[in-house]
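K.L.:
First to last, the sequence lines map onto chains L and D. Residues 1 to 114 (this note's numbering) make up the first sequence, in order. Residues 1001 to 1114 (this note's numbering) make up the second sequence, in order.
Just so you know, these hints were derived from the structure itself, not from any lab. Glycine residues also receive a C-beta, built at the ideal position from the N, C-alpha and C atoms. Please note: incorrect hints may appear among the correct ones.
Ranges of calculated distance between the beta carbons of each label pair, as one might list FRET restraints [said to hold, decoys possible]:
hint	chain 1	residue 1	chain 2	residue 2	range
1	L	T82	D	T1005	30 to 36 Å
2	D	A1017	L	I12	36 to 42 Å
3	L	I12	D	Y1039	20 to 26 Å
4	L	G98	D	Y1039	18 to 24 Å
Okay, derived cross-link-like pairs now, DSS-like style, lysine-lysine, Cα gap no bigger than 27 Å in a straight line [unchecked claim]:
hint	chain 1	residue 1	chain 2	residue 2
5	L	K14	L	K41
6	L	K41	D	K1106
7	L	K64	D	K1106
8	L	K41	L	K20
9	L	K66	L	K14
10	L	K20	L	K66
11	L	K20	L	K64
12	L	K41	L	K66
13	L	K66	D	K1106
14	D	K1106	D	K1069
15	D	K1049	L	K14
16	L	K64	L	K41
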Amino acid sequence: GAVVSQHPSWVICKSGTSVKIECRSLDFQATTMFWYRQFPKQSLMLMATSNEGSKATYEQGVEKDKFLINHASLTLSTLTVTSAHPEDSSFYICSAPGRVTEAFFGQGTRLTVV
Amino acid sequence: AQSVTQLDSQVPVFEEAPVELRCNYSSSVSVYLFWYVQYPNQGLQLLLKYLSGSTLVKGINGFEAEFNKSQTSFHLRKPSVHISDTAEYFCAVSVFSGNTPLVFGKGTRLSVIA
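All chains, please: the whole structure from these sequences, using the hints.
P.N.:
Next up, the structure:
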């Protein structure tokens, strides 16, 4: 089946620094990727949709200047958390849509900002 | 817009007992329905999906779910649970079009007790 690889699986960074999370589709091309955020004991909330070759679209309330999304190629989308603060600590998950609206998820990234 | 309600945030159950995790959805258009499982600090794994056809859907790990259009429900069941089934379970919907993100319920924490 289709595989989406997300890296890193966990990261700890200092407040004020930036962190980049990569999401790769390993055996298929993904013109669209979705980025979700999950707070502890809560559901996944869609943050933004990255589109290859065009700007990402952000959900209401998500700061586009803080969460930079780049869809550099048909197999790679990146999420950069800029000037991270402790409140940005969360679990971030990417997914790519499959052929019949099935979604393939990355393994997730646990971000801890100290 | 679509929404998903998972009525139980936590479900404790003894090993080898049956379990049902409830899911109701709301949508003005036809939807696809999914159940995902998430183990700690991991991404989501698809358990099963309903696209069309038979309303009883069988998935991996012995799980099944039944689509009930009149009750707008898609409850997940397993006749006999194992310790390894302890995880977070998410019900999700997607509309009948490509490249759309999933809308998730808040999740149900299944705890299997030995």
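K.L.:
Confirm or reject each hint.
P.N.:
A quick look at each hint next to the structure:
no. : hint                        : verdict
1   : T82/L x T1005/D: 30 to 36 Å : holds, 35 Å
2   : A1017/D x I12/L: 36 to 42 Å : holds, 40 Å
3   : I12/L x Y1039/D: 20 to 26 Å : holds, 21 Å
4   : G98/L x Y1039/D: 18 to 24 Å : holds, 21 Å
5   : K14/L x K41/L               : holds, 24 Å
6   : K41/L x K1106/D             : holds, 8 Å
7   : K64/L x K1106/D             : holds, 25 Å
8   : K41/L x K20/L               : holds, 24 Å
9   : K66/L x K14/L               : holds, 16 Å
10  : K20/L x K66/L               : holds, 12 Å
11  : K20/L x K64/L               : holds, 14 Å
12  : K41/L x K66/L               : holds, 24 Å
13  : K66/L x K1106/D             : holds, 25 Å
14  : K1106/D x K1069/D           : holds, 21 Å
15  : K1049/D x K14/L             : violated, 41 Å
16  : K64/L x K41/L               : holds, 25 Å
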